[in-house]
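Protein chains: 2
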Amino acid sequence: MNHHFIVLVSLSIFFSSSNLYAQPGGIAGSRPYEPTARQIITEGLKTTGAYSLLEGLVKKTGPRLVGSPEAAKAVEWGRKTMEDLGFDKVHTEPCKVPHWVRGLVEEASIITSDGRNIPINICALGGSIGTADGGITAEVVQVKSFDELKSLGEKAKGKIIFFNRPMDRSKINPGEAYGGAVNQRGAGAVEAAKAGGIAALVRSMTMQLDDVPHTGSMRYDDTIPKVPAAAVSIIGANLLDSLLAVNENLKIKIRLTCQTLPDVESANVVGELTGTEKPEEVIVIGGHLDSWDKGHGAHDDGAGSVHVIEALRLLKELGLKPKRTIRAVLFMNEEFGLNGGVAYAKKERPGEKHICAIETDAGGFTPRGFGVGADSVVFPKFSQWSYLLDPIDAGRITRGGGGADISELAKLGVITIGLRVDGQKYFDYHHSDNDTIDKVHPRELELGAIAIAVFCYVIAQEGI
Amino acid sequence: MNHHFIVLVSLSIFFSSSNLYAQPGGIAGSRPYEPTARQIITEGLKTTGAYSLLEGLVKKTGPRLVGSPEAAKAVEWGRKTMEDLGFDKVHTEPCKVPHWVRGLVEEASIITSDGRNIPINICALGGSIGTADGGITAEVVQVKSFDELKSLGEKAKGKIIFFNRPMDRSKINPGEAYGGAVNQRGAGAVEAAKAGGIAALVRSMTMQLDDVPHTGSMRYDDTIPKVPAAAVSIIGANLLDSLLAVNENLKIKIRLTCQTLPDVESANVVGELTGTEKPEEVIVIGGHLDSWDKGHGAHDDGAGSVHVIEALRLLKELGLKPKRTIRAVLFMNEEFGLNGGVAYAKKERPGEKHICAIETDAGGFTPRGFGVGADSVVFPKFSQWSYLLDPIDAGRITRGGGGADISELAKLGVITIGLRVDGQKYFDYHHSDNDTIDKVHPRELELGAIAIAVFCYVIAQEGI
Numbered sequence: 001m002n003h004h005f006i007v008l009v010s011l012s013i014f015f016s017s018s019n020l021y022a023q024p025g026g027i028a029g030s031r032p033y034e035p036t037a038r039q040i041i042t043e044g045l046k047t048t049g050a051y052s053l054l055e056g057l058v059k060k061t062g063p064r065l066v067g068s069p070e071a072a073k074a075v076e077w078g079r080k081t082m083e084d085l086g087f088d089k090v091h092t093e094p095c096k097v098p099h100w101v102r103g104l105v106e107e108a109s110i111i112t113s114d115g116r117n118i119p120i121n122i123c124a125l126g127g128s129i130g131t132a133d134g135g136i137t138a139e140v141v142q143v144k145s146f147d148e149l150k151s152l153g154e155k156a157k158g159k160i161i162f163f164n165r166p167m168d169r170s171k172i173n174p175g176e177a178y179g180g181a182v183n184q185r186g187a188g189a190v191e192a193a194k195a196g197g198i199a200a201l202v203r204s205m206t207m208q209l210d211d212v213p214h215t216g217s218m219r220y221d222d223t224i225p226k227v228p229a230a231a232v233s234i235i236g237a238n239l240l241d242s243l244l245a246v247n248e249n250l251k252i253k254i255r256l257t258c259q260t261l262p263d264v265e266s267a268n269v270v271g272e273l274t275g276t277e278k279p280e281e282v283i284v285i286g287g288h289l290d291s292w293d294k295g296h297g298a299h300d301d302g303a304g305s306v307h308v309i310e311a312l313r314l315l316k317e318l319g320l321k322p323k324r325t326i327r328a329v330l331f332m333n334e335e336f337g338l339n340g341g342v343a344y345a346k347k348e349r350p351g352e353k354h355i356c357a358i359e360t361d362a363g364g365f366t367p368r369g370f371g372v373g374a375d376s377v378v379f380p381k382f383s384q385w386s387y388l389l390d391p392i393d394a395g396r397i398t399r400g401g402g403g404a405d406i407s408e409l410a411k412l413g414v415i416t417i418g419l420r421v422d423g424q425k426y427f428d429y430h431h432s433d434n435d436t437i438d439k440v441h442p443r444e445l446e447l448g449a450i451a452i453a454v455f456c457y458v459i460a461q462e463g464i
Numbered sequence: 465m466n467h468h469f470i471v472l473v474s475l476s477i478f479f480s481s482s483n484l485y486a487q488p489g490g491i492a493g494s495r496p497y498e499p500t501a502r503q504i505i506t507e508g509l510k511t512t513g514a515y516s517l518l519e520g521l522v523k524k525t526g527p528r529l530v531g532s533p534e535a536a537k538a539v540e541w542g543r544k545t546m547e548d549l550g551f552d553k554v555h556t557e558p559c560k561v562p563h564w565v566r567g568l569v570e571e572a573s574i575i576t577s578d579g580r581n582i583p584i585n586i587c588a589l590g591g592s593i594g595t596a597d598g599g600i601t602a603e604v605v606q607v608k609s610f611d612e613l614k615s616l617g618e619k620a621k622g623k624i625i626f627f628n629r630p631m632d633r634s635k636i637n638p639g640e641a642y643g644g645a646v647n648q649r650g651a652g653a654v655e656a657a658k659a660g661g662i663a664a665l666v667r668s669m670t671m672q673l674d675d676v677p678h679t680g681s682m683r684y685d686d687t688i689p690k691v692p693a694a695a696v697s698i699i700g701a702n703l704l705d706s707l708l709a710v711n712e713n714l715k716i717k718i719r720l721t722c723q724t725l726p727d728v729e730s731a732n733v734v735g736e737l738t739g740t741e742k743p744e745e746v747i748v749i750g751g752h753l754d755s756w757d758k759g760h761g762a763h764d765d766g767a768g769s770v771h772v773i774e775a776l777r778l779l780k781e782l783g784l785k786p787k788r789t790i791r792a793v794l795f796m797n798e799e800f801g802l803n804g805g806v807a808y809a810k811k812e813r814p815g816e817k818h819i820c821a822i823e824t825d826a827g828g829f830t831p832r833g834f835g836v837g838a839d840s841v842v843f844p845k846f847s848q849w850s851y852l853l854d855p856i857d858a859g860r861i862t863r864g865g866g867g868a869d870i871s872e873l874a875k876l877g878v879i880t881i882g883l884r885v886d887g888q889k890y891f892d893y894h895h896s897d898n899d900t901i902d903k904v905h906p907r908e909l910e911l912g913a914i915a916i917a918v919f920c921y922v923i924a925q926e927g928i
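Listed in order, the protein sequences are those of chains E and G.
The numbers in this note's numbering rise by one with no breaks, and the one at position 143 of the first sequence is 143.
In short: position in the second sequence from 1, add 464, done, that's this note's numbering.
It is worth saying that the hints were derived from the structure and are not from the lab.
Predicted model, so just to flag it, every value in this text is computed and none were measured.
Any given hint might turn out to be false.
Claimed, not checked - Here are the simulated EDC-like cross-link-like pairs (lysine to aspartate or glutamate), alpha carbons at most 20 Å apart as the crow flies:
#1 E/439 to G/675
#2 E/439 to G/902
#3 G/817 to G/781
To be verified - To be clear about the criterion: a stretch of chain G counts as covered by chain E if any three or more of its residues have a C-beta under 8 Å from a C-beta of chain E, and this derived list gives those stretches:
#4 534-545
#5 628-638
#6 686-700
#7 773-784
Think of the CB as a built atom: it goes at the ideal place given N, C-alpha and C, for glycine as much as any other residue.
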């Protein structure tokens with residue numbers, strides 16, 4: 001794109017949305033809160049506040065696996081950051097969390113029928129037991145579904161079960177593609193054991209062709225024997241698939257040293273701008289402070305954690321005093337049991353009423369709008385504000401939404417809302433060493449914080 | 465984000481838009497072309513067609529500065545690619561283009577008053593003359609505007625003029641921020657010379673903190689002496705700014721070996737799906753084949769070039785036969801004179817009528833919609849189709865838009881349209897060594913091609 005052209009028409013080409021500001025409807029009154037939204041947008045974009053917060057978190061903690069010393073440091077970071085920014089009533093709220101550790105060794109290799117030993121990149125799935133000291137060596141059998149596994153009968157017994165159904169890339173929404181594949185990760189170990197298998201090896205949950213394994217949680221069933229479960233990188237999975245086609249009796253050796261230690265005490269971090277008129281009416285804005293022990297946990301969910309801190313910072317910086325309370329909550333252990341979300345919802349808060357809760361846990365990408373879990377009567381109370389978000393192309397307010405951490409609040413009848421962002425890259429990084437801060441764009445991250453600040457502020461002023 | 469949650473609600477959180485498919489309005493008839501749009505979306509996403517094309521272009525040519533052997537190779541690549549894909553009436557249309565060459569040396573250093581010599585990263589601006597063989601060494605004076613330069617009077621004479629007004633990051637649209645700074649690049653040399661300066665050094669047009677210079681075109685005025693002009697990286701510009709604050713008589717040495725050679729013959733590449741019912745009515749879809757001689761020219765405008773080829777490929781692959789002609793044009797020399805755009809518009813095409821032209825020249829990022837340069841009477845003929853693009857979140861069809869290459873068609877009364885994409889990263893890469901193919905996401909790129917395919921197909925079927 002050359003400069004003569006862009007100077008002439010950049011406004012109309014790139015920027016049609018913000019021309020709304022200049023429309024006759026833009027005057028205060030007919031489009032209330034428009035000047036305020038503009039203030040928040042300008043204040044946010046002029047610096048890189050959210051990104052600086054994320055740098056602070058990442059430098060202080062690195063990845064923050066629940067129960068780890070790094071997660072404890074993250075709690076301290078969250079508390080101190082909110083205090084330093086002058087938020088109201090900053091405190092932590094305790095919750096007990098699991099403490100699974102990866103251990104020092106996780107390795108695997110393919111042993112071909114002609115005797116070659118080919119290392120592949122794997123990692124234990126969260127919650128998995130380890131292998132025996134010397135590892136497991138066994139023949140491998142590939143399946144694409146649990147039904148296919150069941151149909152194998154005796155052939156699965158004593159084998160390592162390789163679950164290799166890819167995410168369906170023809171889906172527009174990578175989240176839907178993920179949803180169509182991830183039962184292999186969550187339930188693979190149980191299904192493998194039911195079929196007589198001795199371990200589960202699962203294709204990483206990504207559409208990216210990369211060589212890093214993507215971890216994530218798995219679960220056992222106390223009535224079924226526990227077998228180890230690991231993720232293999234896409235390149236490793238594709239190699240294994242190819243070699244299986246030409247090798248009979250292909251074996252894999254897996255060694256994992258992960259284990260589950262006793263539960264530990266951890267906490268949510270809470271701070272707010274207390275409402276000036278109806279402080280007892282609360283809007284929660286939340287992300288989760290824990291991450292997997294891979295990369296930096298930058299998009300998942302460092303981004304969400306700093307989104308909500310930055311949203312409050314922007315309101316405070318501009319001297320905007322909400323009539324109702326806006327409360328930022330950094331939840332502990334979204335990834336591995338929702339202990340923080342449960343603890344927050346269960347805690348007695350006499351006199352308080354939560355009018356809605358907004359979660360951001362889809363990464364620090366450009367925001368597109370909000371998904372609102374409200375019925376058709378209440379929904380327009382939220383969607384009416386889309387014009388305030390249209391200038392940053394984040395005005396698509398749609399029905400249905402929420403978040404894992406606030407799902408316990410939803411059970412109590414609180415309206416839950418999820419920030420929707422541009423999702424095409426999310427699973428490239430998700431739960432892997434690729435989820436590092438350099439994958440986060442400062443302005444895209446800031447726009448997410450801005451979207452939350454605008455939306456929660458107008459809800460705090462107008463209620464529902 | 466954990467998997468239990470996402471499996472339950474991924475549709476509603478990430479994917480609210482595509483739920484449109486399931487709405488009662490989704491039946492054929494009430495929402496025409498919806499099944500066709502869905503076919504195009506699914507076909508596009510299941511492979512990485514656009515990205516594979518871009519890999520082909522980049523491997524074949526690298527960057528493609530107008531007039532260069534690489535640009536000639538790109539023309540050949542475009543023609544052969546369209547022929548191999550079986551498009552109709554594939555041909556080239558000649559145009560004469562300028563041939564500026566960067567030369568082997570472009571270097572600069574700051575010479576401090578205490579005698580240090582600090583190299584900084586610069587590059588010649590496109591069209592600049594070179595320096596004398598030994599380079600230019602002179603004191604430097606910093607200005608933020610042409611008015612400030614004028615106010616310097618005698619102090620500017622004999623100096624190197626350092627134009628250091630940054631892009632305003634508080635603007636939502638980086639294109640607007642660019643528009644507010646780029647006159648320093650385009651007109652800096654002329655203004656420097658008017659003030660008695662002997663060279664122009666311009667802060668790179670990016671908001672990213674990086675150390676690569678971002679080039680782009682500049683222009684001379686035949687009535688004003690020509691002085692050399694170069695861009696300096698942001699880190700170099702910030703350093704120079706800091707050193708100027710504490711150094712009197714700071715000097716810079718610049719050496720450039722760029723020069724303008726005689727014009728050469730080049731060409732646009734044209735291929736189409738000829739209309740089955742009204743072949744004489746033409747919808748142009750275009751990007752530009754030339755790029756700057758930095759990086760790969762991947763986003764600017766390799767992305768646009770492959771967008772339009774891929775759009776036709778998708779329609780052809782699905783057996784969709786447009787009633788009106790859809791013509792892909794790879795324009796030559798958008799960056800440096802619009803020769804291809806002018807030649808296309810001037811060529812006699814007896815019996816043909818262009819009903820609209822769509823340009824894609826904002827990068828291979830996630831599409832958001834189209835900007836349509838039509839009046840309020842005709843605009844609804846385009847905006848009525850937004851529901852077909854909503855499933856990929858690209859349904860914001862707004863007034864005002866076009867593109868540089870099709871601006872000559874606009875002068876002839878043709879309705880011009882620009883693809884709008886997520887623009888926050890565009891100037892991070894623009895015109896620099898950072899504009900490489902690894903910055904392009906295969907699915908985001910594909911979605912741009914899909915958006916164009918859907919939009920041009922429905923226009924081809926329904927007309928305006």
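Going down the list of hints, with the structure as the test:
Restraint check: the Cα-Cα separation between residue 439 of chain E and residue 675 of chain G comes to about 19 Å, which is no more than 20 Å; the hinted pair holds. About 13 Å separates the Cα atoms of residue 439 of chain E and residue 902 of chain G, which keeps this hinted pair within 20 Å; it holds. About 26 Å separates the Cα atoms of residue 817 of chain G and residue 781 of chain G, which puts this hinted pair outside 20 Å; it is violated. Requiring three or more residues with a Cβ within less than 8 Å of a Cβ of chain E, the coverage given for the stretch 534-545 of chain G is violated, as only 0 such residues are present.
As drawn, the stretch 628-638 of chain G meets chain E at 6 residues by the rule of a beta-carbon pair under 8 Å; at three or more, the given contact holds. For the stretch 686-700 of chain G, the proposed coverage by chain E is not satisfied: 0 residues have a C-beta within less than 8 Å of a C-beta in that chain, short of the threshold of three. Three residues within the 8 Å Cβ limit are the bar, and the stretch 773-784 of chain G against chain E gives 0, so the coverage statement is violated.
Violated hints, in rising order: 3, 4, 6 and 7; the structure is consistent with all others.
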